[in-house]
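Using the sequences and the hints given, assemble the complete structure.
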Amino acid sequence: MKDILDFLADLEKNNNREWFVQNRNRYEETRKKFLVFTELLNNEIRTFDPEVPMLAPKDCMFRIFRDVRFSNDKRPYKTNYGSFISRGGRKSGYAGYYLHLQPGSSFLGGGVYMPPSDRLKAIRQEIYLDPEGFMAIKDDPEFQKHLPDEYDDKLKTAPRDFPKDWEYIHLLRNKSYAYGRNLTEEEILSPSFMENILETFKVLLRMNHFLNQAIDDHLKS
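Taking UniProt numbering, the leading residue of the sequence shown gets 1, the next gets one more, and so forth.
Please note that the accuracy of each hint is not assured.
Keeping only pairs whose Cα atoms sit at most 27 Å apart, straight-line, the calculated DSS-like set for lysine-lysine is [stated by the list, open to error]:
id	residue 1	residue 2
1	K175	K121
2	K145	K164
3	K202	K58
The following label-pair restraints were derived from C-beta to C-beta distances [said to hold, decoys possible]:
id	residue 1	residue 2	range
4	H218	V21	39 to 49 Å
5	Q213	T184	25 to 35 Å
6	E195	W166	19 to 29 Å
These are computed hints drawn from the structure, not numbers from a lab.
Note that the structure is predicted; figures quoted are calculated from it, not measured.
In this text, a Cβ means the ideal position worked out from N, Cα and C, and glycines have one as well.
Okay, structure coming up:
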């Protein structure tokens, strides 16, 4: 993993096409290693989450090239490698498992990030119908230990179509239901890195199943 982190650190300092072309071999080599790791991770996830199929690693890994057409930030490349493993791959819209390598900003986690409005409403509806079930997962000490961070912001008021005075309305203000924790470089370079990832992902399993059940019920309706 060190060569991946070193390449990404150098790319952060030299985020331009000329440098990237000169270091294309490093990109190809590190990308290949991350794809191999993604495939191994996918295979391990399937041992405890049979809903996740074996996917082509390229269908899980995000592209390094940035879309700068509508951005003031014109740097052409992302400075991270990320893979999202779920039913159908990174574009499926299902909750899944995410690994993000970026020098100084690495993390792992999962759930569902910025889902389309219809799926977000379906998840909120599921929580509204079963708040105790959702909180039993989210507030579990093991979940809080392994996945203490919530990603994305929240609405300031109740979402449309839900009563503002509901006692658990704070649970429905999320725009995403994504959770994770930061990774240190020491963890990433440890021989037990894969084992530590899987320990966290196993804790995430119940949350992903809750979210995906809501999505499945919506798609079947």
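Verification of the hints:
For a cut-off of 27 Å, the pair hint linking K175 to K121 stands: about 10 Å separates their Cα positions. Note on K145 and K164: the hinted pairing is violated, with a Cα-Cα distance of about 31 Å set against a maximum of 27 Å. As the CA atoms of K202 and K58 are separated by approximately 23 Å, the hinted pair is consistent with the 27 Å bound. Separated by about 45 Å at the C-beta atoms, H218 and V21 satisfy the suggested range of 39 to 49 Å.
Checking the proposed 25 to 35 Å range against Q213 and T184 shows it holds: the Cβ atoms sit about 34 Å from each other. Taking the beta carbon of each, E195 and W166 are about 41 Å apart, not inside 19 to 29 Å as hinted.
Hint compliance for this structure: hints 2 and 6 are broken, all remaining hints hold.
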